[in-house]
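**Student:** So the sequences go chain by chain: C and W.
Here the working numbering is used: the first residue of the first sequence is 1, the next is one more, and so on.
Here the working numbering is used: the first residue of the second sequence is 1, the next is one more, and so on.
The set of hints was computed from the structure by calculation and includes no laboratory data.
Any given hint could be a false lead.
[Unchecked claim] Going by beta-carbon spacing under 8 Å, a handful of chain W positions derived as facing chain C:
no. : residue
1   : L28
2   : Q64
3   : S65
4   : P104
5   : A113
6   : V199
7   : G201
8   : H204
9   : I254
10  : T269
11  : L280
12  : V282
13  : A285
14  : L286
[As the list claims (entries may be wrong)] Here are some chain W residues the structure puts well away from chain C; computed CB gaps all over 12 Å:
no. : residue
15  : L24
16  : I53
17  : P74
18  : F79
19  : L88
20  : T106
21  : A119
22  : F131
23  : H158
24  : S171
25  : S196
26  : P218
27  : A221
28  : D234
[Said to hold, decoys possible] Computed far set for chain C versus chain W, every beta-carbon distance over 10 Å:
no. : residue
29  : T23
30  : L36
31  : F77
32  : A189
33  : T238
C-beta atoms are modelled at their ideal positions from N, C-alpha and C, and glycine is treated no differently.
Residue strings, one per chain:
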Amino acid sequence: MEQIITAVVAVVAVPLILLGYITLGERIIERLPETLQSWIRPYFWALPAVGFATVFMVYPLIRTVFISFYNSTGDKFVGLDNYQYFFTFPDTLTSLRNSLLWLVFFTFFSVFFGLVIAILLDRVRYESLAKIAIFLPVPISAVAASIIWKFMFDYQVPGTTQTGTLNAILGSFGRDPVAWLINLSTNNAALIFVGIWSATGFCMVIISASLKAISTEVLEAARMDGANEFQIIQLVVTPLLWPTITVVGTTMLINALKTFDIVYVMTNGAYNTDVIATQMFRQLASAHYGRAAAVGVVLFIAVVPLLIVNIRRFQQQEEQR
Amino acid sequence: MSSERVTTRGQTAVGAGVSALDNLGYRLQRLPLHLVIAIFVAIWIIPTVGMIINSFRGVADMGQSGWWTTLFPPHGFTFASYQQVLNLEGVAPSILYSVLITIPATVIQLAIATMGAYAFAWMKFPGKNLFFIVIVGLMVVPIQMTLIPVLQIFKLIHLNGTIYAVWLAHSGYGLPFEVFLLRNYLGGLPREIFESAEVDGAGHSVRFLRIAVPMTLPAIASLTIFVFLGVWNDLLVSLTFLGVSVYRPFTVVIAQLTTSLGGGWQFLTAAAVLQMALPLIVFIALQRYFVRGVTAGSVKG
Numbered sequence: 001m002e003q004i005i006t007a008v009v010a011v012v013a014v015p016l017i018l019l020g021y022i023t024l025g026e027r028i029i030e031r032l033p034e035t036l037q038s039w040i041r042p043y044f045w046a047l048p049a050v051g052f053a054t055v056f057m058v059y060p061l062i063r064t065v066f067i068s069f070y071n072s073t074g075d076k077f078v079g080l081d082n083y084q085y086f087f088t089f090p091d092t093l094t095s096l097r098n099s100l101l102w103l104v105f106f107t108f109f110s111v112f113f114g115l116v117i118a119i120l121l122d123r124v125r126y127e128s129l130a131k132i133a134i135f136l137p138v139p140i141s142a143v144a145a146s147i148i149w150k151f152m153f154d155y156q157v158p159g160t161t162q163t164g165t166l167n168a169i170l171g172s173f174g175r176d177p178v179a180w181l182i183n184l185s186t187n188n189a190a191l192i193f194v195g196i197w198s199a200t201g202f203c204m205v206i207i208s209a210s211l212k213a214i215s216t217e218v219l220e221a222a223r224m225d226g227a228n229e230f231q232i233i234q235l236v237v238t239p240l241l242w243p244t245i246t247v248v249g250t251t252m253l254i255n256a257l258k259t260f261d262i263v264y265v266m267t268n269g270a271y272n273t274d275v276i277a278t279q280m281f282r283q284l285a286s287a288h289y290g291r292a293a294a295v296g297v298v299l300f301i302a303v304v305p306l307l308i309v310n311i312r313r314f315q316q317q318e319e320q321r
Numbered sequence: 001m002s003s004e005r006v007t008t009r010g011q012t013a014v015g016a017g018v019s020a021l022d023n024l025g026y027r028l029q030r031l032p033l034h035l036v037i038a039i040f041v042a043i044w045i046i047p048t049v050g051m052i053i054n055s056f057r058g059v060a061d062m063g064q065s066g067w068w069t070t071l072f073p074p075h076g077f078t079f080a081s082y083q084q085v086l087n088l089e090g091v092a093p094s095i096l097y098s099v100l101i102t103i104p105a106t107v108i109q110l111a112i113a114t115m116g117a118y119a120f121a122w123m124k125f126p127g128k129n130l131f132f133i134v135i136v137g138l139m140v141v142p143i144q145m146t147l148i149p150v151l152q153i154f155k156l157i158h159l160n161g162t163i164y165a166v167w168l169a170h171s172g173y174g175l176p177f178e179v180f181l182l183r184n185y186l187g188g189l190p191r192e193i194f195e196s197a198e199v200d201g202a203g204h205s206v207r208f209l210r211i212a213v214p215m216t217l218p219a220i221a222s223l224t225i226f227v228f229l230g231v232w233n234d235l236l237v238s239l240t241f242l243g244v245s246v247y248r249p250f251t252v253v254i255a256q257l258t259t260s261l262g263g264g265w266q267f268l269t270a271a272a273v274l275q276m277a278l279p280l281i282v283f284i285a286l287q288r289y290f291v292r293g294v295t296a297g298s299v300k301g
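Put together the whole structure using the sequences plus the hints.
**Tutor:** Now the structure itself:
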């Protein structure tokens, strides 16, 4: 009950507080000398946002780097020990390998399926309906998606009724059931596919939007020149979509590195399915702050190239404004 | 989904005076296309449909036969899983806590972001570009990199394990992207409006509240849906700051039950359906806004 009241109060109070902050602050600033005004005002307006970003992102980012050089209680400097642990311990190395698998296969297939589906649906009348179907997993949380796919991958001992959809299909072809999430050669692929299933709709929508922007005249000209549909897709459409594909691709690369929910819920890292993010959480939960921080830093270093790409792209956009 | 073009590109091959036979040939030629699409659509919706059907079956049935057997009589539909899952300790309150976390977290971050975005869009100050580049960079920083220090801050000020901690954390993590998006939108508004308001003697607070905010409402609406569902569906932030608290939200409770129940997880289908009901309703009802929100977020990792 108390929680409900505070939540309602917060919803009403926060905008009111900001309103008060703005009006009161502006009233004070307006009394100040002209030069001082133009100096103080922007910082006054940007302060809450910049403050939040500093407390929750900038400061922790720097602090995490420090923590990664200390032991689990944070009172003894251990140099690179936590990193050495990360790069020599078999479990963490497995998580590193799996994150690489996610990076390559999740990214490639999400974008690839997104592109293929966008191009195919562009050619049929029921496009918008089919798009809804493909997009449906996007609003579904990774937690719910994991439970959905636990049923798809469900496995019973051979000879008993298979309740999992995939194994039932295999059974109808007379094949033995596969323990998708336990079998070491299938489990990572299975998890990555759940990720692809969740992300394809997102890729499709964005690629489709820029596909619609390609003028029909260009395509008509190609057809006049005798190009068949496959040539048009390969030589005209895909190159024109390339900038969009790279934007979607970088987003997917970042998502691949951040993958946590699906692995946590479906296997919790069992049978060699750990990824960097679940590994990091496990260290954090067992209060190995130093090691957890080191994993975080590794993850961050992996993101840096993408971060630079994003900033570059932003600067290019700014120049065009 | 927004598809203004009813006619499709493939159809240009169909001339005005084609015979019925040509038409049939054309249709046959396009059969593989429809087939491939049908396979994709099937893979993308059958899993969800199957689980929803399963959630209306008895737990014993779920363990004995596949969901597809229910398509033929006797159906044996029941709400038993829903009853069982809602009676499980902590599940019903967790739905309430999800609401209590999501709504304030969304309001807080959007209110602060709009104000910050206004400063970045319509004010000049030293270091502005640098600040903004930092914000663009922060959008892709994995939050794993920040969890430990933030956890330590919360412990220090005795906020750890409270709902307030998650409000603040979500707001902090969401802000860079929202400031970025709203600043681009605000910056695209016509300069003349702001200038003439200034000439008329309107201060920044008036310009912000009377001009900037109302004109940004479409962007704020799309962003609200995006942020709301992001927080509603979040697992990692709540798991970190509320993992052992009584105020665990729905996603955390489902995730923890899945890992702890082992074999008896089947009736969690009901919980999963309840958890995804809200996002799906929002998506179906507000498709256009929803898709716009998601595509606008295409740069966010």
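**Student:** Confirm or reject each hint.
**Tutor:** Hint check results:
no., hint, result
1, L28, "violated (15 Å)"
2, Q64, "holds (6 Å)"
3, S65, "holds (6 Å)"
4, P104, "holds (4 Å)"
5, A113, "holds (6 Å)"
6, V199, "violated (16 Å)"
7, G201, "violated (11 Å)"
8, H204, "holds (6 Å)"
9, I254, "holds (5 Å)"
10, T269, "holds (6 Å)"
11, L280, "holds (6 Å)"
12, V282, "holds (7 Å)"
13, A285, "violated (11 Å)"
14, L286, "violated (10 Å)"
15, L24, "holds (17 Å)"
16, I53, "violated (10 Å)"
17, P74, "holds (17 Å)"
18, F79, "holds (18 Å)"
19, L88, "holds (15 Å)"
20, T106, "violated (9 Å)"
21, A119, "violated (4 Å)"
22, F131, "violated (6 Å)"
23, H158, "holds (15 Å)"
24, S171, "violated (6 Å)"
25, S196, "holds (19 Å)"
26, P218, "holds (17 Å)"
27, A221, "holds (16 Å)"
28, D234, "violated (8 Å)"
29, T23, "violated (5 Å)"
30, L36, "holds (13 Å)"
31, F77, "holds (17 Å)"
32, A189, "holds (15 Å)"
33, T238, "holds (15 Å)"
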